[in-house]
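Chemist: When you get a sec, could you build the whole thing from the sequences and use the hints?
Counting from 106, one number per residue, gives the positions in the sequence shown under my numbering.
Some hints could be false.
[What the hints assert, rightly or not] Distance condition first, Cα-Cα at most 25 Å in a straight line; then the derived PhoX-like pairs of lysine-lysine:
no.	residue 1	residue 2
1	K178	K219
2	K148	K215
3	K250	K178
4	K215	K191
Everything labelled a hint here was simulated from the structure, so no lab data went into it.
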Amino acid sequence: DLLISFRSLNLITIVNPDNLRVKWWRVGQWRRQHDPDWNLDGKLYVYDNNMHRGNSNIIQIDPVTMEANRVVKGDDFDFYSSHMGKMDITPNQGILVTSPKQGRVFEVSKEGEKTFEFINRYNHDTNEVLVVTGAKFLPEDYFDKNSFLRCR
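Modeler: Structure below.
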């Protein structure tokens with residue numbers, strides 16, 4: 106199945122790729138959303154840009170019950186991106202959030218605590234940041250340590 110986000114319509118759909126029929130759809134409590142993802146728990150997650158409202162959110166959607174919850178609240182973590190944005194579910198079921206215009210990546214644990222933060226600061230004196238378009242969690246064994254030795 107294909108999970109598709111129609112940003113300008115505030116619409117998320119699940120489409121059968123064989124016959125292109127819509128199997129499920131929802132217009133929800135999100136505005137100008139990005140990056141919908143399935144999780145192993147069967148729930149959908151979406152980056153809610155929440156355009157023109159001052160904060161963004163990560164929304165968890167149960168496609169069976171249609172229940173939607175804000176699992177990462179922008180006002181709790183001071184994050185807002187009127188457009189763009191990425192999120193990734195980590196192996197420990199945390200959520201890695203990219204807030205592009207803030208030049209920021211942070212992880213929130215499944216308990217709701219911030220466990221990691223990176224700010225792509227360009228100028229410390231003015232707090233100017235550079236855009237971060239995405240981040241991805243990689244396990245510790247992703248790279249072969251010996252390959253770095255060959256880079257000398």
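Chemist: Tell me, in ascending order, the numbers of any earlier hints that this structure violates.
Modeler: Per hint list: single violation, 3.
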